[in-house]
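If you want the building blocks of each chain, they are given just below.
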Amino acid sequence: MALVGRSVPRADGPAKVTGTARYVDDLTRPGVLLGATLRSPVARGRLRGIRRDPSFDWTGVTVVTAEDVPVNVVALIEEDQPVLASDDIRHAYEPIALVAAEDPVRLARALRALTPEIDPLPPILTIADALGRKTQIHGPDNIFATYRISKGDAAKAIAESAVRLTGTYRTHHQEQLYIEPQGMLAFWDARGAHLVGSLQCPFYVHKGVMRTFSLDDAHVDVTQAVTGGGFGGKEEYPTLLALHALLLAKKSGRPVKMIYDRQEDIEATTKRHPCEVTISSGCDREGNLSAVSVRIVMDGGAYVTLTPVVLSRGALHAAGAYRWEHVAIEAIAVATNTPPNGAFRGFGAPQTIWAIERHMDRIARELSADPLALREKNLLRVGDTTPTGQFLKESVGVQRCVEEARKASGWDRKRAALGPAAVARPVSAILRRPAPGGSASRKARGIGASVFLHGAGFTGSGERKLKGRVAIDMFRILKEKKPRFTIRTASTDIGQGTETVFRQIAAEALWVSMDRVDFATPSTATVPDSGPTVASRTVMIVGSILESAARDLFARIEQNRQDHGGSFDDAALRLIARDGTIVSEKTYETPADLVWDDATYRGDAYPVFGWGCDIAEVEVDLDTFETTVIGFWVAQDVGKAINPVLCKGQIEGGTLQAIGWALNEKMVIQDGKILNARMTNYVVPTSLDAPRFTTILVEDPYSKGPGGGAKGIGEAPMDGGAPAIAAAIEHATGIVRDDLPLLPEDLFAAGRTGP
Amino acid sequence: MRMTFVVNGLSRTLDAPPLARLLDILRGPLGLTGTKEGCGEGECGSCTVLLDGVPVNACLVVAGQCDGRKILTVEGLASKDALSDLQEAFVKEGGAQCGICTPGVLMAAHALLAANPQPGEGEIRESIAGNICRCTGYQRIVESIRNAAKEQATREPG
Amino acid sequence: MNPAELALYPFERPGTLAELCRTLSARAGRREKTVLLAGGTDWIVERRLAPAEDPNDLPLVLDVSRLPEMRGITVAKEVATIGAAATFLEIKSHAVLSRRVPVLTAMAREVGAVQIQARGTLGGNLAGASPAADGAAALMALDADVVLASIHGERRVPLTQFFTAYRTTRRAEDEVIVRVEFTLPRTGAHQVWRKVGTRAAQAISKVALAGVAEVERGRGVRSGFGMASVAPMTVSLPSVRALGLAPSLASVSDEELDAATRRDISPIDDLRSTAAYRAHVASALVKNFFRELRIAAGS
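Protein chains in written order, with the numbering used here: chain A, 148 to 902; chain R, 42 to 199; chain B, 7 to 305.
Possibly wrong hints are sitting among the right ones.
Some chain R residues near chain B, calculated using beta-carbon distances under 10 Å [unchecked claim]: (1) Val47; (2) Pro58; (3) Cys88; (4) Thr89; (5) Val95; (6) Leu101; (7) Leu124; (8) Ala149; (9) Pro160; (10) Glu162; (11) Arg166; (12) Ser168; (13) Ala170; (14) Asn172; (15) Glu197.
It is worth saying that the hints were derived from the structure and are not from the lab. No experiment lies behind these values; they were computed from the predicted model shown. Note that beta-carbon positions come from the ideal geometry of N, C-alpha and C, so glycine has one too.
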């Protein structure tokens with residue numbers, strides 16, 4: 148059939164291009180009310196009460212407060228976050244009360260007729276204040292989580308190295324800015340609680356609803372509506388929104404729809420964790436790396452949410468794609484009184500990869516080495532071990548990624564021709580550099596690179612604990628002469644193309660055409676728990692469960708055919724005639740040789756890694772410090788591309804998010820409040836900002852990946868973009884930036900003060 | 042206020058508040074939910090429709106100003122039995138991922154190809170610069186539009 | 007306020023300019039609030055941010071987008087007349103303007119993106135009096151006049167004197183901006199539009215410079231500038247203009263240009279940028295303008 152490896156058209160494409168795809172805001176139910184949220188105007192305080200304007204006509208308006216919440220916790224990793232604040236206010240925009248009304252005008256007015264009465268308290272707003280314990284806001288030390296990874300003796304090895312370098316690298320918040328804001332439709336009936344919403348992980352919501360309302364799983368049904376982007380932003384947050392909508396629905400006795408306004412969405416929902424990383428390294432004069440010591444501090448915001456897992460992933464990527472004999476990593480996440488940070492594509496890795504890649508450029512600068520050659524010399528290979536002691540058995544395509552990107556971008560030629568040497572020079576000279584003759588504009592070009600890895604799938608023993616399941620059903624519609632198949636999985640398509648790629652995998656394993664394979668709408672009432680749609684695990688892990696379920700089914704049919712003759716379809720229909728709908732359900736089997744110890748952080752952190760090399764070419768206007776990305780080359784080892792067009796789409800989209808993080812996006816926070824929570828001032832790239840991408844798919848298959856070796860690809864593109872851009876700017880201008888972002892104002896300020 | 046629009050070729054008369062947003066009229070009384078709201082302030086372009094052939098953000102247009110005018114939405118692009126070249130190309134070339142910006146992008150691109158059947162890459166990028174896409178990095182969108190233009194050219198030679 | 011609340015606002019569409027002026031005058035006399043609505047690209051966005059208005063005292067919204075007296079673009083006898091309700095898209099697409107006044111075409115092309123260009127108007131740009139208004143900066147460089155109408159007839163205010171403070175203009179309550187007029191730059195005049203925005207499109211200016219200059223035998227004979235986002239109002243850079251009329255442009259030094267720019271602007275830190283960056287970029291754009299001007303004039 149050869150479906151795998153082919154760019155078949157998107158299965159959900161026709162509905163999306165004709166406007167018939169139904170997103171949550173396109174849905175309604177008879178008698179539906181609209182819901183809204185009353186939020187805290189201050190970052191920290193004590194809630195004394197909520198005043199209701201007595202002159203307002205409250206008829207037909209439902210108000211829910213903490214007293215109405217049966218079990219007032221959001222069930223995530225920890226249960227520290229209330230569904231509605233009852234006394235402590237821990238961040239600006241924290242939900243305090245909920246309102247529902249028939250129409251948006253009444254709703255807006257009712258919301259204005261509620262006033263929270265809060266005694267403000269001094270907040271902790273920065274990592275430094277949290278670590279300095281200026282005030283105690285979480286536990287004894289304001290620390291959410293700590294991890295340590297060690298291999299060899301890093302301190303000693305650094306001390307003995309010929310070249311010892313230290314740098315501190317900072318990254319800032321980032322908003323997911325999916326174009327469809329968060330939304331949820333909730334109602335209750337005799338069967339319990341029902342939710343339809345924009346979400347990545349139906350079973351996360353399911354768990355939260357069961358906990359807050361003390362329901363068993365048969366009385367909660369969570370269904371994914373067509374979802375307009377997530378990028379992690381719809382991983383854990385929809386649980387809270389679902390609880391809100393359900394509370395209003397319960398109290399009003401009506402269906403309730405809550406759709407966030409863009410500003411509310413930016414203000415209240417999770418963002419990428421800001422991070423500070425200090426790296427000390429030791430190497431010899433030839434650039435052979437020996438030892439690295441890394442200290443990571445992430446700002447978790449006001450509640451734990453998924454912070455420990457983000458921090459863990461950050462720590463596990465902190466040494467980059469390189470061989471180090473000695474490694475010491477310490478990672479800490481602190482609490483602050485800012486909106487909780489959470490999942491965002493890359494999940495901690497972009498922060499630490501920014502640091503290690505900038506540090507690699509620091510080493511190259513010190514040694515006057517070509518930055519790409521320095522990296523190449525130290526790349527991990529099959530047979531090497533990672534900082535956790537993981538032995539790399541297979542699928543380490545990083546060398547090929549570097550070679551392909553180097554060749555396609557013209558690195559060698561451009562590195563020599565453009566920009567100054569990779570040696571720092573007085574940057575004040577930039578402001579005096581004369582314009583070339585005949586032209587008034589002064590522009591400089593440069594080229595920079597990054598190399599990265601991304602652990603595919605859950606960290607450590609995650610999959611072993613989760614036991615993800617997928618089912619494929621075979622059935623017959625009336626008198627049709629061929630059986631049909633339906634994939635049932637909790638893995639959601641939020642734009643990445645899950646529906647399409649899963650159909651390809653299943654149809655190929657069953658030897659049937661794709662149009663006979665359907666993808667069931669993910670609903671907790673009808674699909675098995677395949678685990679969340681996160682961690683670059685959908686194709687690699689869940690896709691492999693699906694492939695195995697489909698192969699099992701194929702084997703049963705084939706056995707029947709051999710026993711009783713006829714065609715494949717004849718055999719399938721015989722099975723259906725005998726047993727009714729045939730269900731093939733499989734549970735993920737973690738490869739037996741994967742060993743991980745949570746206590747020591749030793750072992751196989753990930754089943755396999757994705758690898759990549761980014762090369763950016765930029766032009767910097769030396770008057771305005773505007774950076775234009777004029778070329779971008781990505782080579783990424785994806786194991787096996789099931790659908791090359793969709794695969795490239797993931798890589799290009801993720802890379803542009805990384806470029807935006809570097810060059811455009813900046814969250815301005817003052818007193819714990821976000822000052823630019825609008826699309827006009829939280830600036831993401833347009834089509835004119837985006838470079839033309841050259842995307843190279845390197846395929847070094849993973850033996851246990853579906854379709855002949857697919858690995859996780861979704862997050863890796865977020866890892867390398869920012870450091871490649873920073874390196875290119877450095878090459879063009881001599882301006883060295885260790886902190887994101889790289890806005891013109893930042894380059895200007897750096898250009899004036901010098902390194 | 043009583044008003045009449047021609048929406049996707051059909052004349053529609055309704056009573057609506059004159060300052061209601063065109064977006065709400067389309068998605069509400071007219072039942073055309075293909076037009077999406079992403080920001081409500083003319084920044085994201087998800088609600089792009091064509092007003093007398095020109096792309097506008099339906100979140101910033103008031104209904105009273107549309108009386109007597111022609112509106113084309115994403116629901117009006119396909120013929121009864123076939124997707125338009127643009128729609129087809131977006132499905133094949135990866136122009137749509139999550140799909141929420143897609144209706145708006147399609148409308149902007151439709152206006153471009155109507156005025157300029159053989160646009161260059163720069164013209165394509167400029168024509169969709171008011172449509173924010175967070176999924177694709179734009180490249181597959183640009184390819185989709187370019188391919189649709191090619192397809193159109195082969196269909197209508199000269 | 008919630009945008010849904012817009013549905014409550016009263017709305018009328020005057021059929022003629024005279025009718026509009028009568029309504030404006032009557033309402034101003036009664037101290038009733040009136041909003042003139044053209045493209046709505048500013049006003050509707052601002053409603054979201056503004057506190058909700060008293061539902062018993064909502065302003066009357068008057069649609070001016072289709073008044074014939076405020077529409078159209080004409081060029082006659084070396085004077086360009088642009089209706090206040092002409093859109094940026096109409097300006098961008100106007101063949102004569104693009105030939106003779108590229109500074110205006112380039113500006114219009116960089117306002118928002120096509121969706122905003124299709125709705126936004128020069129009249130709205132001027133009436134809103136935002137210091138970031140690109141249209142105001144370009145028209146200021148062209149030394150345009152603003153023509154206001156009321157029941158008392160028309161009056162004309164040079165754009166360089168139109169803005170009086172942050173978001174404040176000389177337009178009276180009972181007046182409407184009907185059109186702008188300016189004398190076309192000579193063929194071959196040096197015209198520059200340079201917008202430094204938050205991104206390549208769909209951006210608001212951090213600094214934008216419009217410049218129009220004519221040179222005869224090394225001597226500046228026309229010198230017009232407008233700069234956005236460097237002061238509470240669009241600025242005309244009077245000190246820089248004076249240097250643009252120097253008897254010998256070749257002798258104008260970068261130091262003089264820096265000093266003049268510094269005198270003419272008062273940038274601030276805000277969400278979009280910093281005062282220091284704006285001051286630097288403003289100077290750089292001015293110096294680049296003169297550098298290009300000398301190159302153009304010298305050849």
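Problem - Hinted contact Val95 (chain R) with chain B - closest CB pair below 10 Å - result: Check passed: Cβ of Val95 (chain R) comes within 5 Å of chain B, closer than 10 Å.
Handout entry: Hint check: 10 Å Cβ-Cβ cutoff, Leu124 (chain R) to chain B
Key = violated (24 Å)
Handout entry: Residue hint Glu197 (chain R), partner chain B, criterion CB-CB below 10 Å
Key = Violated - the Cβ of Glu197 (chain R) stays beyond 10 Å from chain B, reaching only about 24 Å at its closest.
Practice task
Return the status of the interface hint for Pro58 (chain R): holds when the least beta-carbon distance to chain B is below 10 Å, violated otherwise.
Solution key: Given a least distance of 4 Å, the restraint on Pro58 (chain R) holds.
Exercise for the section: Would you check whether Glu162 (chain R) satisfies its interface hint, that is, whether its CB is within less than 10 Å of any CB in chain B? Expected result: violated (14 Å)
Problem - Minimum beta-carbon distance criterion (10 Å), Thr89 (chain R) to chain B - result: For Thr89 (chain R), the interface hint holds, since the closest Cβ of chain B sits about 6 Å away, which is under 10 Å.
Practice task
Grab the minimum C-beta distance from Leu101 (chain R) to chain B and call the hint holds if it beats 10 Å, violated otherwise.
Solution key: This hint holds: Leu101 (chain R) lies near chain B, its Cβ roughly 5 Å from the closest one there, short of 10 Å.
Problem - Interface restraint verdict for Asn172 (chain R) against chain B (beta-carbon cut-off 10 Å) - result: holds (8 Å)
Practice task
Against chain B, run the beta carbon of Val47 (chain R) and see if the smallest gap drops under 10 Å.
Solution key: violated (17 Å)
Problem - Hint status (Cβ of Ala170 (chain R) to nearest Cβ of chain B, threshold 10 Å) - result: Holds, because the Cβ-Cβ distance from Ala170 (chain R) to chain B comes to roughly 3 Å (cut-off 10 Å).
Exercise for the section: Closer than 10 Å between Cβ atoms is the bar; does Pro160 (chain R) clear it against chain B? Give me holds or violated. Expected result: Status violated, d = 13 Å.
Handout entry: Given hint Ser168 (chain R) near chain B, where the shortest CB pair must fall under 10 Å
Key = Holds - the Cβ of Ser168 (chain R) comes within 10 Å of chain B, reaching about 6 Å at its closest.
Going down the numbered hints, you'll see the structure goes against 1, 7, 9, 10 and 15, while the others check out.
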